[in-house]
Every structure is written in structure tokens, then in C-alpha cells.
Amino acid sequence: MDSSPASMPTAAIPLTQNCFEALDLHCVRHDRTLFAGLSFTLLPGQILQVEGPNGSGKTSLLRMLCGLLLPAQGCVRWQGTDIQDMRHEFLADVAYVGHMHGIKEDLSPRENLRMSQALGRPRAGVTLDEVIKQVGLYGFEDLPARTLSAGQRRRVALARLLVLDARLWVLDEPFTALDRTGKALIESLLETHSRNGGIAVLTTHQPVVLQQCTPLSLQIGA
Amino acid sequence: MPNLNQACLALLRRDLTLALRHRGELANPLLFFVMVVSLFPLGVGPDSHTLQTIAPGVIWVAALLAALLSLEGIFRSDFEDGSLEQLLLSPHPTALLVLTKIIAHWIVTGIPLILVAPLLGVLLHLPPTSMGALLASLALGTPVLSLIGAIGVALTVGLRRGGVLLSLLVLPLYVPVLIFAASAVSDAAIGLPVLAQLYFLAALLALALTLAPMAAAAALRISVS
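Just so you know, the sequences run in chain order A and B. Reminder that position 56 of the first sequence reads as 56 in our numbering, one-by-one numbering, no gaps. Reminder that position 56 of the second sequence reads as 56 in our numbering, one-by-one numbering, no gaps.
For the record, the hints were derived by calculation from the structure and aren't laboratory data. Glycine included, every Cβ here is placed at the ideal spot set by N, Cα and C. Incorrect hints may have been included.
Said to hold, decoys possible - Pairwise CB distance ranges (calculated):
| hint | chain 1 | residue 1 | chain 2 | residue 2 | range |
| --- | --- | --- | --- | --- | --- |
| 1 | A | H30 | B | L211 | 27 to 33 Å |
| 2 | A | E51 | B | E80 | 41 to 47 Å |
| 3 | A | Y138 | B | H22 | 25 to 31 Å |
| 4 | A | H30 | B | P193 | 54 to 60 Å |
| 5 | B | S225 | A | R123 | 24 to 30 Å |
| 6 | A | H88 | B | H22 | 28 to 34 Å |
Unchecked claim - Reference excerpt, derived from the structure (chain A facing chain B, CB under 7 Å, subset only):
| hint | residue |
| --- | --- |
| 7 | M86 |
| 8 | H88 |
| 9 | G98 |
Said to hold, decoys possible - Which stretches of chain B does chain A cover? Using the computed rule of at least three CB atoms under 8 Å from a CB of chain A, they are:
| hint | segment |
| --- | --- |
| 10 | 14 to 20 |
| 11 | 86 to 96 |
One chain only, chain A, in its complex shape (with noise of 0.2 Å):
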């Protein structure tokens, strides 16, 4: 099966300057090809909306795109370099939130927040206070991660963007097990990001509602 990339706007001339591209890349899961031929180009502020069916290789596609998993072909490039010849500079610009949160339970978001920002680059000028009550875990920020909520959880996790000082989120549905207002919350965080000139790729079945701009759309495996 193989899937065609969807209306997507390429620049005339590649502003290799600040984009994020996806050239070619295939995706071969257990002798199975999920996508083929698939191509892209995110200038500064888009956000893009990968949609597909359940095992058409969504989360594949995001971790191909932030360096977790390579490419059967083709590569992902970071204002005009191959990710793989510039590893650590692409990826302190990336945040990636999995659908695996990547949070301990046995620490507070507090501690797990701390931990997030040591490993990559702090957004300057953000205090853990600030994020933990900007995400609403108020009142939660010192309790093990193991008693909070499945949404309080995902909170934590995403409050990983707000720590790290990160041009590029990769989110694989961030909306997963939040209430309205979180997942409000989270369109409010992808507007001023891509405000700031930020690039995100998202996972997502639900609309995105974002007041300032549309996010791109990408159908894989239809």
C-alpha cells in the first residue's frame, strides 16, 4: 500500500534558511511499507496536522522526523542539513512529546519538569512555578506522578514545551485523555508558538482550532 503526499505547499525556491523538510522518506515496519515517496517542506510558524487511519504510520512518521527512528529512504532536513550530520544541534531545537509520556512516576511533575529542562535547552527566563500553573497541575506539583490523572499526566508531559527553549514540536496526539480546557490550552501553545516563528508537526484525529492561522493537513495511507 502506498500513499501519496497530500496537497502540500512546497516553496518555489527552498528557503533553506529556517525549514523544516522531509525528502522522499519511506517507512518499512515489519516487511511492510506504511508510506512511500513522501515529501514535505514546514516553513518558520506552519503547524502541520498528520492525519491517517489507525497503523498507517503516524507515530512512525514523527519519530522519523525527530531522529528516534531512520528512514528505509530518504532523509529529514533541519534549515538545509541532513539531521544525522547535525544531530546535536537539531536536536536542541526539537521537543518531542510521544504518546509515551517520558515521565517517571515515582517523581513530581516538579522533579520530572527539572529533569526535562537539565537534558535539553531551558527556555531562558521560565520558572518551573510558572509552567506547572500555567498547565494547571497547581497543587499537584509535588505529588508522585503515579497519583495524578491520565490527564494530569499528559500535562506534565506537555509541559515539557514550555520548559525547553525548542524551535521544532513534535507531538504524537497531545490531545489524548485532556479535558476541554487542555486541549484549549494546547491550541493556545501551538498559536503563540508558531506566532514566535516555531514549527510543529502533530498527530491528531480531533480539529485543531487555532484563531491566526490554518494548520496544513497531511493524509498518509488512505
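Take the given structure of chain A and dock chain B to it, following the hints.
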């Protein structure tokens, strides 16, 4: 730019905090070590000469198995909750972060073994002259066990039942450590010089310290993809 020292310190602190919050799991390998060694006098009999002869081998084999028992903990829970992905997505050199995790593992599993070993030596009638060699061999040898073990765990962490495979992969690589360490302790017991064996252990440690983190980091990349 992100600060590497800070990242390693934070990671070390996190792993030690986590270990402290799971004190039960922490005690398992240590209890295993103590129990296996203390079974030998019961099984072999209380003859001090026999016990003294087998003591170095028994203590070291038990230390090997206790280390093997605790290895999975280095990466397993990180793999399951996605922390490992975040670790690999850190802009810092993965090998150094992996080394930090191995050091944390050694602090919580290796050091207790070293501390309790002299007591078990007394139990097995090991002469006081060989206590120094026992401690030195454990201090040089147990970090090697953690380092080599980390490669094995990194390779098998993605498999559902990696346990048996892990011991098949790792135990043969532990053999040189076992040979030099046990020989150091038994030579010390009969008053022979042991510096040669200790130098060999130190060389193994230097080798493992430089190569194992890189191999484990590469193996982790394969395991998560």
C-alpha cells in the same frame, strides 16, 4: 547552549532518588548475594580449610549473579515509560548520559556488595591477609560488571523476554573479571603478590569505561527504533 555537567548531575540525582524510593528492589540483589554465599558453609560443611579454598570463587560467582539480577533495572523502566526516548533526544552525547546511568546503577548495587563482602569473607574463613585483595578486586571488578552488563541490557531491552538472552550475552564477557578477581583473592590468602591480577582488573575497567558507554548508546538507538 545546554550544559552537559548539569544534565549528568541531574540524571545522576534522578536515578539515585528513584532508587531510594524503591528501597525494596534495591535490597534484592544484596540479599541474594548474602544468601547464596551463606548457603555454602551449610552445603559444603563447616571445615575451615575447604571453605577457605572455595571462598574467593564463591564470593565472586555470587557477586556476578547478583549483578546480573540487578542489570535490567538500568534501562528497563526508562524504556517502558518513554524516558529513554527523551534521553536519546537530548542534545547531549548519549554515551555520557548512559555512563551517568551506569554509575548510578553501580552506586546502588555495586557499593553495597563491596561493603558486605568482608563480612561474608569472615563467614567463609577467609584469612585477614586476603581482605585487602577482596575489597580491591571488588572495587575494580564490580564497575566492569555494570558497564558490560549495560551493553547487554541495552541490546535486549526492546525484547519481551530478554532475561535469558541477557545472561547468555553477558556472562561469557564476565569470565575474565571472574578469573583475575578470584585468583587475586586466593593468591592473597596464601601470601603471594596480587598486583598483577589487580592491574589486569584495572585495565579491564579502563577498557570497559571507555568503550561500554558508546556500545550501549548505539545499542539503545537500535532498541528504541
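These are the hints, each one checked on the structure:
{"no.": "1", "hint": "A:H30 / B:L211: 27 to 33 Å", "in the structure": "holds, 32 Å"}
{"no.": "2", "hint": "A:E51 / B:E80: 41 to 47 Å", "in the structure": "violated, 28 Å"}
{"no.": "3", "hint": "A:Y138 / B:H22: 25 to 31 Å", "in the structure": "holds, 28 Å"}
{"no.": "4", "hint": "A:H30 / B:P193: 54 to 60 Å", "in the structure": "holds, 57 Å"}
{"no.": "5", "hint": "B:S225 / A:R123: 24 to 30 Å", "in the structure": "holds, 28 Å"}
{"no.": "6", "hint": "A:H88 / B:H22: 28 to 34 Å", "in the structure": "holds, 33 Å"}
{"no.": "7", "hint": "M86", "in the structure": "violated, 10 Å"}
{"no.": "8", "hint": "H88", "in the structure": "holds, 5 Å"}
{"no.": "9", "hint": "G98", "in the structure": "holds, 6 Å"}
{"no.": "10", "hint": "14 to 20", "in the structure": "holds (count 3)"}
{"no.": "11", "hint": "86 to 96", "in the structure": "holds (count 8)"}
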